[in-house]
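Residue numbers (our numbering), protein chains in the order written: chain A, 1 to 228; chain B, 1 to 494.
SDA-like mimics (lysine to any residue), calculated; alpha carbons at most 25 Å apart, straight line:
1. Lys42(A) with Thr25(A)
2. Lys38(A) with Gly430(B)
3. Lys269(B) with Ile61(A)
4. Lys269(B) with Gly60(A)
5. Lys185(A) with Glu160(A)
For the record, the hints were derived by calculation from the structure and aren't laboratory data.
Here's the letter readout for the chains.
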Amino acid sequence: MNAQAHILVVDDEAQIQRFLGHALTASGYTVAAATDGKAALKLFAGGGVDLAIVDLGLPGIDGLTVIGQIRQTSDLPIIVLSANDAEDRKIEALDMGADDFVGKPFGIGELLARVRACLRKRQSSVATERLEAGGIALELAAHKATRDGEALRLTPKEFELLALLMANADRVMTHRQILERIWGKAHTEDVAYLRVFVGQLRQKIEAIPAEPKRIVTEPGIGYRFIAG
Amino acid sequence: MGMQGHPHKERVKTMDSRPPTGRNPPMTRIAALSVVYVALAALAAFAAGDALPSASVPMLFLVAVIAAAAQLGLRAGIGAALLGFVVCNFLFVEPRYTLRVDHAHDALALGVLLIAGAATGLLAGRAREQANRAQSRAAMLAELAAFAEEIGRARDAAGIRARALAHISAAGADPVLLLARDGRLEVQNGAALIADDLAAAERVHRRHVTQEGAARGWAGSRFDFAPIHGGVLGARADSAGGAMLAAIAAQADAAIDRLALAGEAEREKLRAALLSSLSHDLRTPLATIRGAASTLRELGEALPPAARLDLAVAIDEEAARLARHVDNLLQMTRLRAGLDLRPDWIDANDVAHGAVARARRAFPDRAINLNADPKHPLVKADATLLEQALFNLIDNAAKFSRDAVGVVVRADREGLVFRIDDSGPGIAPGDLAHVFEPFFRAPGTNADGTGLGLAIVAGIARALGGGASAASPGIDGAATSVTIRLPQVRMQAV
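Excised from the complex, chain B in its bound form:
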C-alpha cells in the first residue's frame, strides 16, 4: 500500500463521501431517540420521587438504554448509556447537580449501563443484519432468476451483456463492461474508471478468475470484476450487485457459449447441405453413365439396336451434364472458401450487380432487371456467400418463368432486403412453407435442379444473421417474390 501515491487520497475521500447504504440508522435519529428515552427515564424518576429508593433510580435509565439499543443497535446503546449515566449522576446521585462520582457503586452503575447498552445493541444489530441479509439474498435470487429468464431469450452476445449490465444496475451497483479489442480492454458502457480499476480488470481478464475490489477506504480497485466472454464484467465493490456479479457473469458466459454453439451448428448444417448438393449433382450423371456403359458392355448382344442407341445418347447427355456440374463445382469451391464467414461492410448494390451479371451469362437470352437502391446502402455480410445466395435465387426464378426476372435492393430502418420477382407459375400456398427445405421440389415442376438451391440460400441468409422468405403471389404484381433480409445496414453518404 505504501507504494500507492498521492492521487489515491482523493479517491479515498470520494469513497467516504458516498451515501450510506441504508443498513445502519442515521446518527441524527440515534441521538434524538437516545435523548428521548433518557429524558423519559429522568421524568419517571422525578415523578416517582421518594417512592423510589435512590439505589433503584439507575434501573430506570437501564430500561431506557436497553430500549434505545434494541431499537437502533450498538451505537444507540452506548450513546444512551453514556447520556443516561451523565443525567442520572447529575440529577439523582449525591452530590447532586455535579458530575462527581464519589462512590464505587456509582462507577459500577455506569459500567452496568454501558455493558447492558452494548450487549443489547450488539444482539439487536446482529438480528437486524440477519434479517437484512435474508432480504437481500431473496432479492438477489429473484434478480438472478429474472436475469436467467431474460438471457434465455437473448439472440446475441451483445444482448446478453446488455441484460447483465441492467441487472447489476438494478441491484444497486454501478456496472462496468470492458471488452478486449486488439489485446486491450475498452470500457463499453461509459463507466468512468481510474487506473487501479483498469489494472484489476486487466488482471481478471488475463488470469480468468473473479477478483473482489479493495475494501472501503483502501487503495485499489473500486470494483469487483469477473471474466466474461471476450472481456470483463464489473460491479461496484461492497454492494448487492457485487455479490451477484460472479453468478451473473457465469450465467452470461454459459448463455453466450450456447449461442455460439447454435451458430456453429447452423454453419455445420449449411456445410452439409452444400456437400450433399455437390455429391448429388455429381453422382446422378455418374450413375447413369456407369449403368448405361456397363449395360452396353455386359448385355450388348441382348439389346435391340434402338436400345443401344438410346443408352449411348444417355451417356452423352449425362457426360455433358457432368461437365456443367464440374463448372459449378469450381463456383462452389469459391463458396466453400467463403464459409469461414468474413462479414464486412459491403455495397449491397455491388453484390446484387455481381449476381445479376453472373446470371445474365448463364441465361443470355433472358431479361434480368436490376433495381438498385439509390441510397447505396452498406450491409454487414460476406460478399462471396451473399452473391452465391442471390445467384441461386435468380437462377431459380429464371428456371421457373419465361419472362423477365426482377432483382430489387431496398434498405429501411430494420435492415436490407434483396428481392427476386418472377412471373412464373407461382407457388401453391401449401408449398410456400417448404420451399427452403433441402430436396423440396414443388410437385409437377420438372426443371433441372437438385432441390438444394433455396435451402442453400436460406442457410446463407441465416449464417449472415438474417433470413429468407417467399411470397406467392409476390410483390408489385410478381407471381413469386423471394426475399433475403439482412439485419445490419448502414446508409452511405453519397
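Next comes chain A alone, as it looks inside the complex:
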C-alpha cells in the first residue's frame, strides 16, 4: 500500500530535490516537487498527496505558512526539514501540526523511517482498545500495562503519558503537546514537571533507565517513543 503513496517535496534547493527525488522514487513512492510555498499549496490543492516533506526556509511564503494552510483543511502527514539548530522554528512547526521533523543534513535512512512512520500512523488512526509496541502492551479500557507479559505498576498519569507516546510511536511529541493533552492547557510551560514523569516512566519500562531506548529525548523539543 505504501508503495503507491504520493509524496510532495517542498524545498527551494534544487540539489536537495534532486537526491530526494531519486531516493523516494527508488523506495517506491511517487514524487511531486515544489520549490516555493505557492507552488506547494497549488500541488496540494490538486489532490492525491499522501504526505508532504516541507523545508522551513522557503522564499516567499515560508514553510510555517504552508503547514498552517494545509492544516486548515487536512490532516495530511507533514515532515519538516530544517537546520539542526533552529529548535524554535521546529517546535513552532510541530505545534502547528507538523507530524515530525528531520534536521539537515540527514541520512536518507532517517528520512525514510519518518516517512514510513507517518504513513503507518495514517493507516491505523482508528480508535483502538489496545496499544502494543516494543514488548509493551497497554489495555486502554482496563488501564492495564504489561512488559514482556509481566504486569507494570503505573500511576494513572504515567499510564496516560505512556499511552499518548505509544499511540504516536516513532513520532516526536513536543513538550507542549504532551503537557496540553495530559495536564491541560494551563500547564503547557511545566516542562520540568514532565521531565519528572518521563524519568519515573523510564525507571519502570526501560531495560537501562539511564540509557533509554524506548522513550528517547529530542533535545529542546520533546520525546519520541521508539517502537522498533
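Let chain A serve as the given structure and place chain B on it in line with the hints.
Showing chain B alone in chain A's frame:
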C-alpha cells in the same frame, strides 16, 4: 579653609560682584519706598494736628513701616522702622526737633516699630520666597520635560550632551562639560575653570557621586558637578540650573545607555546574520552530499544507473561548492575579527580599490571600473568591514549583470557615498524596499547566493553609523545603483 591660599581671595571678590539673582528687591528701591511711606505718615500726622493725640502719632508710622515691610520684605521693614522712629521722635515727640528720648514710653515706641517692621518683613519675605520657589519649580519641571523630549530624539551621545548643556544654560546657569581623555578630564564647551573647580570635577568623576559647589563667598568649586557617561556635567552653583543638574545628568545618562544598548543590539543582529549566512552556505551542500551518498549506499540496488550517476555528479558538484564556501569562510573570519568595530580615518579610495581588486580576482572576465574621488576623502570607518560591504555589492552586481560594473566614490558635505552601478535586469519597485532584508531574493532570479549579501552590507553600513539604499533605475543610466552612505568624512589636503 585655612589652607586655601591667596589666589582665592580674588575669586571670592569676583563672586560677590556677580549681579544679584533678582530674588530680592534692589536697595535703592527699598530706601526710596521707605522714605516715601515715612514721609506720608509724617504728612498725615501734621495734617491731623491737634485732632490726633500725641500718643497716637507713632501709630501712623507703624502703618508706614508695615506697608513698607509687606511690600519689600525684612530689610525695608527695619529700614522704615528706624527712619520712622527718627522722624517721629524729631518732629512729634517732646522735646521736639531733637533726637533725645526722655521717656521710657518713647523707647518702647521705637521697639514696637522695629518689631512690627521686622515681623511683617519676615512674613512677607517668606511668602514671596515660597511663590518664587513654586515658580522656579514649575519652570524647572517644564525645562526637564522639554529636555527629556529632546534627548528622546537624539541620535548619539554627543547630541544628548549638547542638549544637556543648552538646558542648563537656559535655566540661567553657566554649564560645563568635561570628558575623560586618556584618564584626564578635559573641558569640552570652552568654560573657564579654575583649579578648585577642576579638583571638584575630578572627585565627582572618580567617586561617581553628585557634589554641590561651595557656598557663595567660600573657597572651593564654583560649580555643582554630576557624573555623566564618560565625564562630568557641571552648572554654576546656587542657581536654578544647579538645582536641575542632577536630574539632567541622570536623564542624559539613561538616554546614552539606551543608545549604547541599541548599538549593541545592531551589532548582535549583524553577528547573527553573518553566522546564519555561514551555516546556510555550509549546510546546504553538506545536506546534499550526505543525502546523496546515503541514498547510494542504502538504495544503490534499487536505483537505475542514470540515477546513480546523477547522484554521484551531485556529490561532486556540491563538494566543489563546499570548497568555495570554505574559501569564503576564511574571508569571513577576517570580517568577524573586524566586528569589534575599530573605526579610524581611512582613505575612501583605498578601500574601494581593495574591494575592486578582490572582485576582479573573483570575476576575471568582467569589467569592474573604479571611479575614485579626486579629493581623496578620508572617512571614519572600519576598513575591514567596509571593504567586505563593498565587495558584497560588487559581487552582487556582477552576478546579476553581464556588462561592466561601476564603482563610484564621492564625498560631499553630508558625508561619503560609495555607489555600485550595474546594467542588469534592475529591481522591481515592489522589491526595492526588501532587498536589504535577510534571505530576500527577487522572484525569478536564479543566481547562486544566500540572500544575505545585501543584508550584511546594510548591517555593516548601520554599524558604521551610515546606511545603505538601492535605486532602480539607477543613477547616470545604470539599471540599478546601490549606495552606502557614511556620515563622517574629512577632505584630505592633497
